[in-house]
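Chemist: Based on the provided sequences and hints, a complete structural model is requested.
Protein chains in written order, with this note's numbering: chain A, 1 to 368; chain B, 1001 to 1368.
Because the hints were derived from the structure by calculation, they are not lab data.
No experiment lies behind these values; they were computed from the predicted model shown.
There's no promise every hint is true.
[To be verified] Footprint (simulated), chain A over chain B, 3 or more residues, beta carbon under 8 angstroms: (1) 1213-1219; (2) 1244-1257; (3) 1265-1276; (4) 1293-1301.
Note that the Cβ used here is the ideal one computed from N, Cα and C, for glycine as well.
There are 2 protein chains.
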Amino acid sequence: MTDPDAVRARHADGPFLRACRGLPHNTVPVWFMRQAGRALAEYRAIRDDHTFEEVVQTPELAAEVTLQPVRRYGVDASILFSDIVTPVQALGIGVTIKPGVGPVIEQPFRTAEDLDRLRPLEAESDLSFVMQTVDLLVQELPVPLIGFAGAPFTLASYLVEGGPSKSYARTKAMMFSDELTWHRLMDKLAGITLASLRAQVAHGASAVQLFDSWAGALNPVDYQRYVLPHSERILDGLSDLEVPRIHFGVATGELLTLMAQAGADVVGVDWRVPLDEGRRRIPDGVGFQGNLEPAVCLGPWEVVEERVRDVLDRADGAVDHIFNLGHGVLPATDPAILEQVVDLVHREGTVRTSEGDTSRAPVGGDAS
Amino acid sequence: MTDPDAVRARHADGPFLRACRGLPHNTVPVWFMRQAGRALAEYRAIRDDHTFEEVVQTPELAAEVTLQPVRRYGVDASILFSDIVTPVQALGIGVTIKPGVGPVIEQPFRTAEDLDRLRPLEAESDLSFVMQTVDLLVQELPVPLIGFAGAPFTLASYLVEGGPSKSYARTKAMMFSDELTWHRLMDKLAGITLASLRAQVAHGASAVQLFDSWAGALNPVDYQRYVLPHSERILDGLSDLEVPRIHFGVATGELLTLMAQAGADVVGVDWRVPLDEGRRRIPDGVGFQGNLEPAVCLGPWEVVEERVRDVLDRADGAVDHIFNLGHGVLPATDPAILEQVVDLVHREGTVRTSEGDTSRAPVGGDAS
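Modeler: Have a look at this one:
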């Protein structure tokens, strides 16, 4: 295992980690959520021979697909190829990732008794394949690795609904009707996520992103009461590790302030929110990431170009802006377009360096 | 056919229409999106013997299910029981409403040639069953009838995707890649929707609600460019009829201002947006409707009660507030809870009749 601090020191001067920390740098950093995946022929070639789970659980394959977009796009960060349900799957909860559907849970969680099926995560052993993947990656990655985990609400939504949902009716019914069971479930899931992320950092991840993908189904009152304390426990529980913590969810326009307050160093902004407006909702001292509409990349370059410039304009050269999509890369996206997006952001993105403009307290200490 | 102006005159003094017009009244009006439907045993009994399409297309059945929630809940308005795709289905576009899925289109729209399949709607003949339903309803309804139609973006999303979607990738791909075809499609759909709504009003509907259910998948820049002109054409095209026009979509927090500007008299607010914040985004002179989280009604009465009061508090006695859910009634909802919600809103909701002056509704306020 490579010394994780040495790994992080190697990347500390790059634009991604400096932007996460609000430190001056020269290039607007860019990466794409779900940059590894079906948009890439080299990914589809691997999936021709292997299931999604095989790729996630085989360190050489998981490392390879994590690296593919780094090679192809020249992005400034990589993110561990994994799934939100991977840790609970590793704990023996029966989960199938159904192509075109998503995770399907064999026995959904519906009562207090179901909680007994979740024991604490021993990340080194339960997720040994993840740790081996991280070990492989940090040896050779030219850019920092972002650790990956699902936040408790999103994870709970899969466990309670039994799969993807439109209304999250069963999840919310548990939340509103049986608050004690709800908080016990969220507490267990928070412990699992925290253990997974701490282990990824111990193996050399330079940052983490906590995906509360579906938290945007909640209004701020419910988010604050039923979700925030648990996500906060995770983010606070990482603070001693001194790696930037990114916090993201879809359709979270009304939650951006709270998602920052939960303990994020950077908040990811959904494409629905104009980035300048999103930034206004994020407290000073917390960075922001986003937020090109992913479907724009299905259009011709003239349209993409205009919208990339619009995102850069709205970011206004902020030292703590990280360019990304407002959600994941769509499978139908032409990789050549994403290559051009990276080039355009690197070429035309500007970072204001003048004192006072965008100054903020650095995250943690120096990573070296 | 009953004289439509006489019908409207009969309801004009009720709280729903007065609130829509921003006129003083004594009771906070309340109705529920999807108040007719699976939450009601009397609806399920009808569906045991009839498909969804049969109910929509048989005037006696459609009128009966429209009336059911009025009888059960004592709401202040009814809404035509129909589906967003009903007008295009009537034009011969093959559509099946799949239980648990939604509308599925036999031959999705993908190219300019597909547009030839959409001719203008002759509402009186193509939607004769709708007009007969409205005729039946306005004879006996104790409350105003709201006309129902899907807005062009939402309708286009079904036609282009071929069914419900999570990403609207194909719809947006057409929008970004082939703007001419996109606008031609939207123009045709706007014409169809306008014809349907005008005819519903001609038969006695006292208001209309334009459902742009999935417009919240767009950011304001794209909404303004690709959608707003078409929804505006519909809303403007109704102005001479002098019935209140309600405009609603899910996850539209960032679009509320634009949805008002499109020509709405009332904008429906999704549950994600705190209602006081939603109201701030809606220009003065335009009313607001909403926005109890629908899933709250799956919880115990203590939780429901607290949240109903929170919505009323945030509405702050505004003369132009209409109480509703932030989206449709969930099928698992206990109707007894919705009855209690109506009672509570009528009992405790206050309407300020002038600056600073609030009048409390009489205990047990009447629904009509």
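Chemist: Within the stretch 1213-1219 of chain B, is the number of residues with a Cβ closer than 8 angstroms to a Cβ of chain A three or more?
Modeler: With 4 residues in contact (Cβ-Cβ under 8 angstroms with chain A), the coverage given for the stretch 1213-1219 of chain B holds.
Chemist: Would you check chain A against the stretch 1293-1301 of chain B, counting CB to CB pairs closer than 8 angstroms, and say if three or more residues qualify?
Modeler: With 7 residues closer than 8 angstroms to chain A, the stretch 1293-1301 of chain B meets the three-residue bar; holds.
Chemist: Three or more residues of the stretch 1244-1257 of chain B near chain A by CB distance under 8 angstroms?
Modeler: This one holds; 3 residues, not fewer than the three required, reach chain A with a Cβ under 8 angstroms.
Chemist: Three or more residues of the stretch 1265-1276 of chain B near chain A by CB distance under 8 angstroms?
Modeler: holds (count 4)
In the structure shown, no violation is registered for any of the earlier numbered hints.
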